[in-house]
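Residue 1 is where the sequence shown starts when you use the UniProt record's numbering, and the numbers rise one by one after that.
The calculated lysine-lysine pairs, modelled on BS3-like cross-linking and capped at a C-alpha distance of 25 Å, are: (1) Lys290 to Lys334; (2) Lys272 to Lys346; (3) Lys366 to Lys30; (4) Lys281 to Lys334.
No lab work stands behind these hints, which were simulated from the structure alone.
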Amino acid sequence: MIESGAEYDIVIVGGGAAGLMAAVIASGEKCRVAVFEKNSRCGRKLLLTGKGRCNITNTRQWRDFKEHIHPDSGFFRPSFMAFSNEDTVSMFNKLGLSTVEERGQRVFPASGKSSDVRDAMESYVTASSNVEIFCDMEVLSVKRVDGCGFIINALSLSNRMDVSCVKARAVIIATGGLSYPATGSTGDGYRFAESMGHSIVRTRPSLTALMPQGYNFALSGLTLRNVALSLIVDGGVVREEFGELTFTNDGLEGALGFRVSRKAVAALDSGKRVAVRIDLKPAVSEAELKSRIEREYRKGLRLARFVGNFLPVQAVAPFMDANPSLNVSNLPVKLKNWEMPLKGYKDYSRAVVTSGGVSLDEISRKTMESKLMPGLYFAGEVMDLDADTGGYNLQIAFSTAASAVRAAVANVSER
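I would like the entire structure built from these sequences, with the hints used as guidance.
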């Protein structure tokens with residue numbers, strides 16, 4: 001139980017990926033730190049990442065890594081250089097967590113359990129003498145008071161009666177965004193930032209399912225590997241990706257669907273015409289396909305059986321159901337240009353991350369400190385900084401948390 005009136009050097013608001021990493025790095029420092037988490041335990045959203053396996057980072061070098069950061073990889077560069085993907089792996093090894101690298105240079109805990117990532121950080125922090133974690137505590141407000149630093153009011157969710165008021169010399173907002181609201185991500189950090197003068201870039205779901213018009217649910221459950229996907233906005237291709245595409249009851253997901261979702265969502269919200277075009281045979285040209293079909297097709301052969309020469313067996317029936325006018329003549333075009341107009345996307349309840357957030361123009365890219373409010377820092381998804389799927393978003397959380405807490409520790413140590 002937290003004591004009302006307690007004074008801390010640093011208060012971290014949010015015990016997710018960014019908040020926990022900030023607490024880990026602060027452990028052992030000569031400053032008193034408190035973490036406020038509204039859930040009964042920290043890292044609840046971490047348990048969902050990587051399909052429950054927690055893809056903690058990606059080992060790509062910066063020149064490739066930066067291509068997956070949005071909207072401004074330049075803002076993220078100083079944090080990444082100060083706490084890189086290599087540092088993330090080293091840190092977790094130090095915490096006793098073994099890791100493995102898999103396809104796509106993605107790094108996971110060797111156990112395959114996301115809970116082990118949360119537990120490793122949480123155990124390290126609770127064993128420290130200078131950092132305290134307070135769960136079931138919902139921060140209601142964060143205010144700067146001249147001469148007193150920051151005043152934080154927090155409600156105990158265990159009884160919903162006790163409101164504690166604590167002081168802090170520095171505050172790190174690590175509340176996350178709006179994705180997976182069931183895990184406690186309700187946009188509180190935006191409200192705190194706005195109350196202290198910050199601008200919020202419009203937020204939208206990202207890494208979320210895209211919903212085609214007239215979607216054929218016969219496709220649900222199908223995963224296509226080694227295909228190409230183009231995002232088309234008002235008739236022009238704005239992004240092209242290659243990899244794995246998954247069809248679900250909600251629409252298009254998987255790595256490809258998620259990678260184009262950021263631009264697709266923004267375009268749909270702007271009222272533009274949006275579609276995706278799937279190339280099921282990207283390794284060969286349409287002319288080559290046509291030549292092969294003319295060479296191999298025999299009169300009287302059932303079309304479904306012939307299509308099986310070009311697609312995985314589990315893809316044939318859904319592909320034909322979704323293309324009722326399919327025939328031998330248009331088969332090459334359909335295989336190379338299967339176009340699906342989009343009507344919408346799934347909301348925050350299904351989105352992996354939030355795009356938008358606290359404006360980067362108002363935050364120092366080196367320290368994550370507010371340019372408007374000295375002593376106020378930001379880390380992770382609460383900022384207008386997100387990334388593609390593949391371990392990049394957690395690296396944003398870890399790197400920006402490291403920058404923020406190191407700067408905050410240095411700040412309070414100088415006073």
